[in-house]
Every structure is written in C-alpha cells, then in structure tokens.
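Asker: Residues per chain, in single letters:
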Amino acid sequence: MTPAGIALPGLSGLDRVASAAGWTLVHSFWQGLLAWVIVVLAGRWLRSPKDRIFVGNLALAALVLVQLATFVLCLRFAGRPWWNSASPSSELSQSGLFRMQAGETVGWAGRLFAHADSFMPLMLVAWAAFACVQIACHLRACRAVATTLSLAPALPPALLARCRQFAGELGVRKPVQFVVAAISDAPGTIGWLRPYIFVPPAVLLTMTPSQVEAIVLHELAHILRRDYAVALLHALAEAAYVGNPFVRAIVRRLRDDVELCCDEIAARHFGDARGYAGALVAIADSVAASRAILSAGGGVLRARVLRLLAPPLSGARGAMLLPKLAAAFLIGAAAVSLAGGSVTRSMSRQAEAARLAEMSLNDAVIWILGTDDTRGNRGGLLKLAENRTGRGETKLGRAILESTTYADGTIDEPTRDRLLAAVNFDNSRGLRLSAESRKMGSMDAATFAWFVHELSFSANGRTGALCFLDTVPEADRPRIEAAIRGSGTIDPLPPGAVGWTHADIVITTPPRILPRKPIFSRPALP
Amino acid sequence: MPKRLRNPTPAEIELLKVLWSRGTATVRDLVDDLNDGRAISTVATTLRRMHAKGLVRLVDERKPQRFESVRSQDETFAAMASGLDRKFGRSLAQVVREFLGGSRATRKEIDEAKRLLDEYGGGT
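Protein chains in written order, with our numbering: chain A, 63 to 588; chain B, 4 to 127.
Just so you know, these hints were derived from the structure itself, not from any lab.
Every residue gets a Cβ at the ideal spot worked out from N, C-alpha and C, and that includes glycine.
Keep in mind that the hints are not guaranteed to be accurate.
[What the hints assert, rightly or not] Result set (DSS-like, lysine-lysine): computed pairs, CA atoms no more than 30 angstroms apart in a straight line:
| id | chain 1 | residue 1 | chain 2 | residue 2 |
| --- | --- | --- | --- | --- |
| 1 | B | Lys56 | B | Lys90 |
| 2 | A | Lys112 | B | Lys90 |
| 3 | A | Lys112 | B | Lys117 |
| 4 | A | Lys236 | B | Lys20 |
[Claimed, not checked] Some, not all, of what chain B presents toward chain A, calculated at C-beta under 7 angstroms:
| id | residue |
| --- | --- |
| 5 | Ile16 |
| 6 | Trp23 |
| 7 | Asp63 |
| 8 | Gln76 |
| 9 | Thr79 |
| 10 | Phe80 |
| 11 | Ala82 |
| 12 | Ala84 |
| 13 | Phe91 |
| 14 | Arg110 |
| 15 | Glu115 |
| 16 | Ala116 |
| 17 | Lys117 |
| 18 | Leu119 |
[Unchecked claim] Beta-carbon label-pair distances, calculated as ranges:
| id | chain 1 | residue 1 | chain 2 | residue 2 | range |
| --- | --- | --- | --- | --- | --- |
| 19 | A | Arg138 | B | Thr48 | 51 to 57 angstroms |
| 20 | B | Lys111 | A | Ala190 | 37 to 43 angstroms |
| 21 | B | Gly26 | A | Gly305 | 27 to 33 angstroms |
| 22 | B | Arg60 | A | Arg288 | 23 to 29 angstroms |
| 23 | B | Asp63 | A | Arg330 | 43 to 49 angstroms |
| 24 | A | Gln227 | B | Asp77 | 25 to 31 angstroms |
| 25 | A | Ala190 | B | Arg89 | 36 to 42 angstroms |
| 26 | B | Lys111 | A | Arg330 | 24 to 30 angstroms |
| 27 | A | Arg202 | B | Asp36 | 25 to 31 angstroms |
| 28 | A | Val88 | B | Arg110 | 39 to 45 angstroms |
Please construct the entire structure, taking both the sequences and the accompanying hints into account.
Answerer: Below, the structure is given as structure tokens:
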C-alpha cells in the first residue's frame, strides 16, 4: 500500500524503485535545461552544423547518463528512514533525495516532499504507459509507411536512372528504392536497411526534373549519413522525456542542423548552390500551397537558403576546439564560450594598439568590432582615432568631427550630422561629443559612416563585425558595393574573404578603399 | 467474403507481388518464385490467411488450386496510402516530421527565401 492509500498489488517491494524513478524524471527537467543551455551556447559559437550536431547528440547522451546516475542516487537514498521515528509521519515514503537527521521534526517542506513522493509510483506508471504507447505507435507508423512504400510505383525511367546514378556517385551502398507516393507533401526518405526515397506526384508535376534531382540528392545525403537511425534515437528520447520541453528543443535543433548538413552534401554534388537553393524554396512553396500554413513557427528554410547562397567560412576554428568543448560541456558552456570568445578578446589591448599603429586609415584594416561587446566596438574605433591623432584622444565625437573635415578645411555637413545623430543614440554609454575640430586625416567619410552605422547596430543589440575584404572576388564587388549603398550589410561574409567575423552582420568597404594587409586572417577555405 | 479488405502484411505483400507479376499462381508457383527457403506449408498458410482477409481469391478450385489477387498493385497501394493517415493520425504526422522531411516553412519564410534568391541573382 502506498502512502497515498492506493493498493498496488505486487509493488510493495518496488516502491523504492518507483519512487526513485519518479524523482529521476522530475530531475530530468532541470538537467534537460542545463543540456539545452549548453546546446544553445554551442550553437551560437560553432559555425559548422556537424559540430553542433556532435555537441547536441553528446548533450543528449550525457543527459541520459546523468539521469541514470540520478536514479542510482535516488535509489541509494531510498529505504533510509528520514523521519524522526517519533514523528507521526514515520510511515510515509522512505525514498527521496532529502534526508533529515534523526531527531529533527518534519517541517512543511518535508511534508510537502512526502506528499509529492507518495505520488511518484503513480506518476511513473502513467509516464511509462504514455511513453510505451507513443513509441509503439511511432514504430508501427514507420513500419506501415515502409510497407506501403514497397508497393509504390517507381519514378519515371529517366529520373530513376539519374537517381540511381547519384546514389552510386555519392557512395550509397544500400539498395535504395525511388518511388512515387503521396505519403507527405514533400519528398522524404524512410527505412534503414532497405530505404525508400519517395517523391509526391504533385512535386513531379510542379517541379523541373533538375529540381527533383536536387531534392533526391538531399534525401540520398540523409541515407549516406545514416540519419534515419539517429532520428529513431531522437524520437525515442522525445518519447522517453515526454513533456520535457528542453529535450524537444534540443532534438528540434539537431533536426535543423541535420538538414543543413545534407544540404552541404547535396549542393556540392549538385554543383549549383543557387539552383539547389531554388529547389528547396520551390518545394517549400509547393508544400505551403497544398496545405494550410502555420501562422507561427516554421522551419529553417531561410537559414538553409542563406547558407547555400553565401556559405560561411569553414568551421576550422570550431573543429579545432571541438574536443575541448566536448570534454568541457558538462562543466558549463558559459565558461567555454568565454574562453573561446571573439578574437578581439583574445588579443591584448597593447598588441592591438601596436598593430593599429602600424597602419594608416587608408591602408587595409580589418576590424573586429566584436559581437556582444559594444565597448569593444567603440574601443576599436577609438583606437583608430588615437592612432591617427597620435595624442591618445579617444572621444568618438572628436573622431566624427575630424573625419568629416577634409584636408582643404571644408566640412561635410550632411555626413557629420548623420554620424552625430547615430552616435547620439549611444549617449547612455557615456559617449561625449567634442566641439574640437582637430583634423584627423584623410579618412574617407563614407567609410567612417559605416563604422558608426555598425556601432548603431551594436547599440541596438544586434551583433556586428566590420571587415575589409582582402580577396573579394571581382565578380562580387558590385554586389557588395550595392549592398553598402543600400542597406549597408552583407550577411554573412562572402566566400573567399580573408578576414574574420564572429558576427551575423558584416559591413564591407567599397572596393575603392584598397584593402591590403589584414590584422587577422583565417585559413583559406578548403 | 469478408466485410472489408484489410491491408496486407509485408509477408503477404511478397506473395501478392508474385501474383501480380504472374496473374494467377499455385502454391508451388509462389514457392518457386519466392525462392527464399520458405516451406510449401508456410506459403499455403499465408495464402489461406490472405484468402480469409479477402486479399486473394480462388480462380480454379481443382487441385492444384490457383489464386489471383483481388486488387491490383496500384489499388492496394492506394488503399494502404489512404489508410495511413486515418489509422495513425498523430503518429504519422510525427513520422513525417521526423523522418520524411515534412517540416513546413511559413509563407513569410518562403517569401524571405525567394527574396534572398533574387538578391543573390538566382531566383526560383
């Protein structure tokens, strides 16, 4: 008989196990939160989706291990009397993490805990039943879909031949069946040993053969990466931690990153990133047209398209530090991200100033204005001014005044007004304007405007970085110039750029400012 | 005659595929075509079960008995596909989301993605 007065035949010897399991589930919420925080921090720091997937899966695995340890601990404490033997509550549950010394009276917390503890067996039974039913239904649905697809007609012969050719070229050794089926609105893949890639009839009708091939390549990438097996584990985790929003959030992120990884493989093989991105958008459009659209939420379409059209620099930095991250993630991602940090934090102020002193404003300069550190933004820019004036003056306002005063003494009033207005926004950070009009040199006013413009972005809480591109391909320069004259942002850093950014927004100078030697450089793209 | 046709199991589908390719077949024909070591008795039992489910019918009662599929492959597939959603409901939606790439973008996301494609010179 449980303390709640409910008879559970045959469970008297298992009360402790049930209670320990129940409390383990309760603890899974804060442990899941910790795992989710680590995954989020890693996601902000790691550029490569592969690295993020590694950390995410590691976090889930660690959560399971921590849960097992929690269960063992709960079980160890179970069975030890933790009430004063004279207390009328001495017959209450003897399990739980909280123990009291003999002689202590039971306070309100103890009574509350005891009351909660009494329901643990019931909670465990309910959880087990729900999780088992969900897993069973899930597995049955998978099996039914695969069985149904075994009867689906094959793709048209020409397309089928191309798909088989792709499978061979990608190195997919499993016997993949390419079929036409309207199981869902979009193409997909299912199955482990004998996978099926299916294409809905509507997709065949509305998309070009090239676009269908692109999507099939994406599905083949899933098979190549064995995503189905991992997806099963994720589904089991979701079912086991039913009701735990943090586990769901981690799994959702992992799924998004898996899509990005498959996009990389497929786009590389397809040979036309833009065309592949166009296929993704066409599929999304087709799906959206066929059913009601969700008013909120959605997928990761924008990020996928953006990554294809303007891939970020390689994640070499993340890959190098991944073993350290993997070893340290349990300790706290906050410490890891601080240790990693931006390059500006890793450079001493003296070293930075020394480097700046070697360059003039019109030389190539790559500024890392930082991401979250607006002080770093301002500090970097002010060091630039300091370098030019040579007198240690660090007032941003002075720098603005000076930069809008040209060599012949004329003043660019509109630009000055605009810059001052932008800086005024940041008055809360103690920027003071100076009425002095010391000439600063021949810094291009338009360039300076973009510095300050970016500071405004930072002040608004958006991340930013500024860099001059040393190796921007000629073909990209008109686009960059147009963007600067328009919104003034390039997101993200165009391919081939030598520079570094830890940010989402990059401002580039017009090509007429000739970049030369960068301060910071990254290894070339592979 | 059963009241409604039930969907075949994977093992039954193997037999149906032979029937569809041959048109009609005896138990011996099925065993020979399958050629996977299944005993005649096993195939016969499966065939009897399929007959009870209404998946196959006798076309010649003289020995050896000859069977044919009640529905064509396309009809069977269509029946199974249309029944998936009805039978599994939320579980199927979950399978679609997790395994079949059915995550949906909002209209806003799609428009934003199209804008990006135009900006980068591609277009859809």
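Asker: Hint by hint, say whether it matches the structure.
Answerer: Taking the hints in turn, this is what the structure says about them:
With a C-alpha separation of about 18 angstroms, the suggested pair lysine 56 of chain B and lysine 90 of chain B falls inside the 30 angstroms cut-off, and the hint holds. For the hint linking lysine 112 of chain A to lysine 90 of chain B, the alpha-carbon distance of about 36 angstroms lies beyond 30 angstroms, and the restraint is violated. As the CA atoms of lysine 112 of chain A and lysine 117 of chain B are separated by approximately 26 angstroms, the hinted pair is consistent with the 30 angstroms bound. As the CA atoms of lysine 236 of chain A and lysine 20 of chain B are separated by approximately 22 angstroms, the hinted pair is consistent with the 30 angstroms bound.
For isoleucine 16 of chain B, the shortest C-beta to C-beta distance to chain A is roughly 6 angstroms, which falls under 7 angstroms, so the interface hint holds. Because the smallest distance between the Cβ of tryptophan 23 of chain B and any Cβ of chain A comes to about 9 angstroms, over 7 angstroms, the interface hint for this residue is violated. Interface restraint check for aspartate 63 of chain B: the shortest CB-CB distance to chain A comes to about 26 angstroms, outside 7 angstroms, so the restraint is violated. Annotation: glutamine 76 of chain B was flagged as interfacial toward chain A, and the flag holds, the nearest CB pair being 6 angstroms apart, inside 7 angstroms.
This hint holds: threonine 79 of chain B has a C-beta 6 angstroms from the nearest C-beta of chain A, less than the 7 angstroms allowed. A least Cβ separation of about 4 angstroms between phenylalanine 80 of chain B and chain A falls short of the 7 angstroms threshold, and the interface hint therefore holds. For alanine 82 of chain B, the suggested interface contact is broken, since its CB lies about 9 angstroms from the closest CB of chain A, more than 7 angstroms. With 7 angstroms as the threshold, the beta carbon of alanine 84 of chain B comes within range of chain A, its nearest partner Cβ sitting at about 5 angstroms, so the hint holds.
At its closest, the beta carbon of phenylalanine 91 of chain B sits 4 angstroms from a beta carbon of chain A; the interface hint therefore holds under the 7 angstroms criterion. Annotation: interface hint on arginine 110 of chain B holds; nearest CB of chain A at approximately 5 angstroms, less than 7 angstroms. Hint on glutamate 115 of chain B holds. Least Cβ distance to chain A is approximately 5 angstroms, under the 7 angstroms limit. A least Cβ separation of about 4 angstroms between alanine 116 of chain B and chain A falls short of the 7 angstroms threshold, and the interface hint therefore holds.
At its closest, the beta carbon of lysine 117 of chain B sits 6 angstroms from a beta carbon of chain A; the interface hint therefore holds under the 7 angstroms criterion. Given hint, leucine 119 of chain B at the interface with chain A, holds; its Cβ is 5 angstroms from that chain's nearest Cβ, closer than 7 angstroms. Range check, arginine 138 of chain A to threonine 48 of chain B: about 53 angstroms between beta-carbon atoms, so the 51 to 57 angstroms window is met. In this structure the supplied range 37 to 43 angstroms holds for lysine 111 of chain B paired with alanine 190 of chain A, their Cβ-Cβ distance being about 41 angstroms.
The supplied range of 27 to 33 angstroms is broken by glycine 26 of chain B and glycine 305 of chain A, whose beta-carbon atoms lie about 54 angstroms from each other. For arginine 60 of chain B paired with arginine 288 of chain A, a C-beta distance near 43 angstroms fails the hint of 23 to 29 angstroms. For the pair aspartate 63 of chain B and arginine 330 of chain A, the supplied restraint of 43 to 49 angstroms is violated, since their beta-carbon distance comes to about 58 angstroms. Judged by the Cβ atoms, the range 25 to 31 angstroms given for glutamine 227 of chain A and aspartate 77 of chain B holds: they are separated by roughly 27 angstroms.
The hinted window of 36 to 42 angstroms between alanine 190 of chain A and arginine 89 of chain B is violated, with their beta carbons roughly 28 angstroms apart. Here the CB-CB span from lysine 111 of chain B to arginine 330 of chain A is close to 29 angstroms, well matched to the stated 24 to 30 angstroms. Arginine 202 of chain A and aspartate 36 of chain B have their C-beta atoms about 29 angstroms apart, which keeps the hinted 25 to 31 angstroms range intact. With their beta carbons about 40 angstroms apart, valine 88 of chain A and arginine 110 of chain B fall inside the hinted range of 39 to 45 angstroms.
Consistency note: the structure conflicts with the earlier hints numbered 2, 6, 7, 11, 21, 22, 23, 25.
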